[in-house]
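Visitor: Protein chains in written order, with this note's numbering: chain A, 55 to 372; chain B, 55 to 372; chain C, 55 to 372; chain D, 55 to 372; chain E, 55 to 372; chain F, 55 to 372.
Be aware that a few hints might be false.
Same chains, same label: a pair holds when it works inside one copy or across any pair of copies.
To be verified - No farther apart than 20 Å at their CA atoms in a straight line, the calculated lysine to aspartate or glutamate pairs in the DMTMM-like style are these:
1) Lys144 - Asp241
2) Lys70 - Asp239
3) Lys320 - Glu351
4) Lys56 - Asp196
5) Lys193 - Glu344
6) Lys368 - Asp241
If you are wondering where the hints come from, they were derived from the structure by calculation, not from laboratory data.
Protein chains: 6
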Amino acid sequence: MKRVFVCDIEKDTEVKDYFLVDRKGIYSSRNNTRYASVRLKDRTGAIEARIWDRVEELSALFERNDIVYVESRAKVYQDQLQLNVASIRKEARDLTYEEIREFHPEAASGVEKLIADFFRITDEIKNEHLRRLFVEMRKRKDILDKFFLIPASLGVHHVSLGGLLEHSVSVAEIALRAVPFLGGDLDIVLAGSLLHDVGKVEEIGLNGGSFAYSDRGRLLGHISLGVMLIEELASAVEGFPDYLADVLKHIVVSHHGEAEWGSPKKPMCIEALVVHYIDNLDAKVMGVKEHMSQNMESEKWTQFHRLYESRFYKIPER
Amino acid sequence: MKRVFVCDIEKDTEVKDYFLVDRKGIYSSRNNTRYASVRLKDRTGAIEARIWDRVEELSALFERNDIVYVESRAKVYQDQLQLNVASIRKEARDLTYEEIREFHPEAASGVEKLIADFFRITDEIKNEHLRRLFVEMRKRKDILDKFFLIPASLGVHHVSLGGLLEHSVSVAEIALRAVPFLGGDLDIVLAGSLLHDVGKVEEIGLNGGSFAYSDRGRLLGHISLGVMLIEELASAVEGFPDYLADVLKHIVVSHHGEAEWGSPKKPMCIEALVVHYIDNLDAKVMGVKEHMSQNMESEKWTQFHRLYESRFYKIPER
Amino acid sequence: MKRVFVCDIEKDTEVKDYFLVDRKGIYSSRNNTRYASVRLKDRTGAIEARIWDRVEELSALFERNDIVYVESRAKVYQDQLQLNVASIRKEARDLTYEEIREFHPEAASGVEKLIADFFRITDEIKNEHLRRLFVEMRKRKDILDKFFLIPASLGVHHVSLGGLLEHSVSVAEIALRAVPFLGGDLDIVLAGSLLHDVGKVEEIGLNGGSFAYSDRGRLLGHISLGVMLIEELASAVEGFPDYLADVLKHIVVSHHGEAEWGSPKKPMCIEALVVHYIDNLDAKVMGVKEHMSQNMESEKWTQFHRLYESRFYKIPER
Amino acid sequence: MKRVFVCDIEKDTEVKDYFLVDRKGIYSSRNNTRYASVRLKDRTGAIEARIWDRVEELSALFERNDIVYVESRAKVYQDQLQLNVASIRKEARDLTYEEIREFHPEAASGVEKLIADFFRITDEIKNEHLRRLFVEMRKRKDILDKFFLIPASLGVHHVSLGGLLEHSVSVAEIALRAVPFLGGDLDIVLAGSLLHDVGKVEEIGLNGGSFAYSDRGRLLGHISLGVMLIEELASAVEGFPDYLADVLKHIVVSHHGEAEWGSPKKPMCIEALVVHYIDNLDAKVMGVKEHMSQNMESEKWTQFHRLYESRFYKIPER
Amino acid sequence: MKRVFVCDIEKDTEVKDYFLVDRKGIYSSRNNTRYASVRLKDRTGAIEARIWDRVEELSALFERNDIVYVESRAKVYQDQLQLNVASIRKEARDLTYEEIREFHPEAASGVEKLIADFFRITDEIKNEHLRRLFVEMRKRKDILDKFFLIPASLGVHHVSLGGLLEHSVSVAEIALRAVPFLGGDLDIVLAGSLLHDVGKVEEIGLNGGSFAYSDRGRLLGHISLGVMLIEELASAVEGFPDYLADVLKHIVVSHHGEAEWGSPKKPMCIEALVVHYIDNLDAKVMGVKEHMSQNMESEKWTQFHRLYESRFYKIPER
Amino acid sequence: MKRVFVCDIEKDTEVKDYFLVDRKGIYSSRNNTRYASVRLKDRTGAIEARIWDRVEELSALFERNDIVYVESRAKVYQDQLQLNVASIRKEARDLTYEEIREFHPEAASGVEKLIADFFRITDEIKNEHLRRLFVEMRKRKDILDKFFLIPASLGVHHVSLGGLLEHSVSVAEIALRAVPFLGGDLDIVLAGSLLHDVGKVEEIGLNGGSFAYSDRGRLLGHISLGVMLIEELASAVEGFPDYLADVLKHIVVSHHGEAEWGSPKKPMCIEALVVHYIDNLDAKVMGVKEHMSQNMESEKWTQFHRLYESRFYKIPER
């Protein structure tokens, strides 16, 4: 879809391409000229764009989070690249998840590698029923495409594109190494690790070119949605044992650990306990790392984190 | 299945019939004779039975909660009727829910009347999709038979046979009268009232001749099980609107009101709020009435109720 | 007191009347002229008023929430009616509750109808002692006038004039219909429904022309104040039974349900349970409806509600 | 009422006197003789009594917590004094609080001294209104007699006769010395200290010869009852300032400190804070001392205290 | 270090002295001249200073909370004294705690008097081991200097210089008078009162010329730090009994009372209970008084206090 | 110390050896002969012993949890080996931890292997300061002996001999494999994993031949005790960096995760988060496995676990 990425824009060139609108506002310059300032984004970064002509008219054509097609010229202003917009319009068509990838930065290790990791881990599973469950999942392009691309949350942890996959794979990788010390059925733990958050593919949807909670996501939550998805997948596998479907669903239902954290049932088997604690560990550590990467107050201390109710400390490197 | 009910047993008659074992123990009499004391139950009451011959042998043939076939003779001992057991054996066959009815007392207004109430209320529903949802439910004899007969809980409130139906109907009856004062879509409130606890048909099962939590009931809880049942019913109705299915499921998901009481989502629409509060009202009041009927410590005060963390006060009648 | 209401003001007419000051500020116009902008309110709406002469002097004569007498002329400015103020002064006299009615919008069904409902419900009460308690209340004009006019809360639910009455009547109407299904003494439930919040007549007072918590309201709360009011009323009724006064006070004391919600005692009798749950139901549903009427973020979702800690969903109409 | 106290009973004497029944049971001796064992109590101690004749008949004449008149003879059995009961009957008349004193041990420093302390502290109060409030209280023999004799609680702290007075005086004594360091109006703090628990005179009543919660105590709690008592006393004092009555009631309402501990309002003025914390301090320390005096598990550690959720440690004396 | 204090500055004099920077900002005057506005502080008050020349250059030389040396002239501007800054530079040297005193207002009764109080109270202690513990503390100038000068908290209570000492002494003074009524070992209570917060000398440090939490303070908290300090002091006293060191540390560990308030152990002996409750009392009352002195919303009511979650009421003086 | 272990006792042999008293009671046989029944234990199992002669005299010589020396003869009674005790006496000497090993079953993988694991993991640490900290710990035989032998808790998880070591090693093993996926300083995580519970060596002591909480353990808890132990060890290492000692202590202080679970500080750095979550994971899973091994109610479900507030489900093996 895109041809020029933000990171490749050079000064004094024409830029005609699609971007995601990150922010939009109308201001007056010193000499009282009105202009629109628009922050445009793609997966490689963000750039300031300015509309100087037909300001009201053009600005009315798009909103924050829309994908827009821009015709512009790159200029340098106060040492920074800026797009001088000649025309801009909202992309009317709904984007596919593949196309969305071009507009959001992705998880550090890269979605392709994470997908490979995902399949490598499913290959570790020996239980025939569970293997066929993942075969079934593979057929469900509607699930898989979102599962591989959406973030794990909107603002708490693993917020980048592919974040849900990154988190699911990471939980499975740690579980794979911890189970020998802890006990529990490794196949079930791996399947549970990869699927504990699968309901997020219905909880999180697209709003224009960005991610947002869907209506059903807000009404039902990813736990109930995940249970229904596993019900769908398991009943598509002939002879999938009831007890096994129940245990997988139980891992989903209980993975928040306590009722007050949103789990109607506490983890009641070793496998569910393992997934719950490693989920917590991975999510919290990643959330703190993301907070550290953006909100240091001094060299050693972050700002206060509202949700985690704490500051965090970066051990000084020596 | 049964021919003679506890309430009809007369002294010095032969009693050959099926009963539910409520309690079992082996004791020594004053003159050191060993005997088994068995409390037998059916829907009309309970009676003491004694085994004096082949005590160990016969006692080993059944357990608490089993349905047994007894051959005995009714005698009077210390002014009380007692069965003198000649032979006793466990009924090997699994009972149907219809047969189970003969062994448990039922809800005060009677299951037949409650079923009639249930259908009368579903007839009040105008929304065509919801009407067809209940038509679909009616086809599902596996759901309906249990829905009409199981208790609403094992020990807290509405514990009699038909208790779930009694509670569901009662919530709907009150909602029917409250909605004009509160607002909200009456059809959705009625459907939600009748179905909010439907997951209990999978949460509660049979253990011998008594009710007990099923494995999947313990692992998933009636909230998740209810969501899946509604998914099943709604997807069997052609053209059932997604938003409507989501709202019904949301009522199920949120009917406990708060995460710490087991609801992963709080009630978010008027209809869910109405069901939640009336559910609470009906369950709590019935629970307290059942506690009052069995656990008065004095004329005015009940014993302390563990779960509700209070004593309760019966206003003296004048 | 008033002659012209906001909704009746016509352009190019003289307006000389009383209003409530909703907001007050001093600004500079484009050409650097200082003016005061005052938002004036009565029960039919609000209008912008401007003071262009003696700005500081006139502005100093009144504060937010004062009742002011204004002499002005209605003009149209940018398509909106505006009052051009020639003189303005604070009303020195304390207003009666009757007069206050002219300045605040009232509950949807109207205070007169609600008063009629109130008396109709008290007429349903058969218990002679309780009937005479309401006769006694009727004599207490100091209580009744406030009871009929104050809002049920300052900002959470039933915030309009007559809101307390609206809420009390609504709880009683629902209780009247629910008691046949739940049990409990109907007379006590009705009296308790109508009086559970009676302490608010001392908790909420007037601050200028608006409602505000009184000192004793903040120090003692409407639960303790309500208990004392019922003590007063009951001891004025000859032969009022002690147990009945205690039960009514208990309904007041326990109507918040749990210690952490401000009730020193949990509801301990059926009647108190019924009032508590229906109070909760009516207050929460009305609070959410008021939030929906003012704070929709999109067509379907409200903004986050701080106190209820949730967004709310308006089912789309079809 | 009594002539012989437990501590004065001598062997081989006749004992004909009133006692409180502390425990009652029927047993069989080694040689199969049935007898009743009754534990009899007065303020000086407890003694074992045995009924050997007409066991069932005599035992049926009284219950635990009754005051009984006993005709018996003191014997020594296995090195312990025991009463051999010839006749026993329940005292039909309700006892006065004065008479009750003979059957319960009283607070360590003695009720007479505590009463003197109480009046000495009220004499420290300079505020004329508050002085007259206590004059009014002095006229109310119905309040004062109970206030001077009931325990502060049934089982948690200050459980002896005069315990409420002991606690109230102790809070006032500490407050008297702490206010110079803390600030606040000393007169109000003293009055609040002495009256914070005054509602207990209605919360706790007599059940036979022992103390028990009254119906209204259970339904309303001592906080609401205390507020009404202060309302009564203050309105009996001509010209008692409203604000002062409100502050006293606020001290009562808030003295448990937090909603979850039963206070509908937190302490909001210095005076209420001082009473709350010193109340807590005195009650908890006394509760722990009473626990230590009766429940040491070893030389240094008490058993686990259910309510306080801890063991306690007695510093070894050196 | 200082020669001229803010309270002594006179108009039209030269002011060359050290101050603490309380606030710093760069603004434009009406006629578009840029200037720096700096709020300078010492223990006697604060004064506005202005930099009109070399604004950017001079402003870059110091930050908020730095101690600066200023050469300036005092002028009157709009009826207020102001310093016209000719030169300003950050003091490079770290200040001693003695020097810091010149820049912060101190506790009301004065640090010297509080130190005298502290030693007078330690003289009340009879236990030889505890006496020698305080002798040891007296040798530790590193501890003592901070203990005598730092505030008890940064923003909640006792925030002035010497606040920790003021609080520790006040707890001990109240305890000294309360123990005779409560019981407990007076020597241990006094030592515990004076040392319960001793860990704050490591929790709070200097940041420029102001107080701030140290890294180890944030990581370990004053409870753990206090335990280690007492370990240090006690092991420096020959023959200090283990049990006594454990009890002192227990007082430190438990003085917040409950796990959720940061105490890993609840108070388990009378002495720890006494310190805990009096600590709470003194800290809360002082915190409320400080809030009252700065945040009254009206004559009688303070603004809402975030941490204490309440408004507070000042009893009107008559 | 021991020569014959329970598992090796053969019938009709003399048994003269040391055992731990697990239970002791005096009973009457059918023919009214009094005897003492004593359950004796060592690390290989338990055996019933009977005292038939001088019952009172011999029984008075020892208590539960004592180590006793027994002279006896092994007999078979009702198909079970039993010791016929001729003489029995309490071992007066305090046992060393080495000797204690003979009387308690040890962790599944064996203490020797766990010690080897411990040293292998410390060898993985590259940081010179941390390496020397463990060298220092190795010199402290008083710490190390207990660290290698005590259980991790008395009754919750890892209750066998060597349980603390087993748990510490297990946390470190999992952390070693998880850190590559999570980030954080591996050396610090490993040291923190091995030392997070080190304070238990002072929290848990010996009571006779069994483990029990020490006085200082109850008063201070293993968190405070651990901080002091690390302080001791770190200050014995020359040049040990302050920041590193603080981080290690922070891991100890915060490893329970939340104030309400006993941690005065939440984990504030990646390393502390990793230790906290893996500690939780390992302790909880092991606790559930131990519960499963002893408390199955049916084939699939355990009994209710008081502390964990749940039943647990054993996935059926297929």
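Visitor: Indicate, hint by hint, whether the structure satisfies it.
Guide: Now the hints, each set against the structure:
Taking identical chains as interchangeable, the C-alpha atoms of Lys144 and Asp241 are never at most 20 Å apart, the minima being 47 Å within one chain and 40 Å between chains. Within a single copy, Lys70 and Asp239 get their C-alpha atoms no closer than 54 Å, and across copies no closer than 46 Å, so neither meets the 20 Å cut-off. In this assembly of identical chains, the alpha carbons of Lys320 and Glu351 lie at most 20 Å apart only when taken from different copies (19 Å versus 37 Å within one copy). In this assembly of identical chains, Lys56 and Asp196 lie within 20 Å of each other by CA distance neither inside one copy nor across copies; the values are 23 Å within and 55 Å between.
Taking CA atoms no more than 20 Å apart as the test, Lys193 paired with Glu344 passes in neither setting, with 33 Å inside one copy and 41 Å between copies. When the C-alpha separation of Lys368 and Asp241 is checked against a cutoff of 20 Å, the pair qualifies only between copies, where the shortest distance is 15 Å, while the shortest distance within a copy is 36 Å.
When held up to the earlier numbered hints, the structure conflicts with 1, 2, 4, 5 and fits the remainder.
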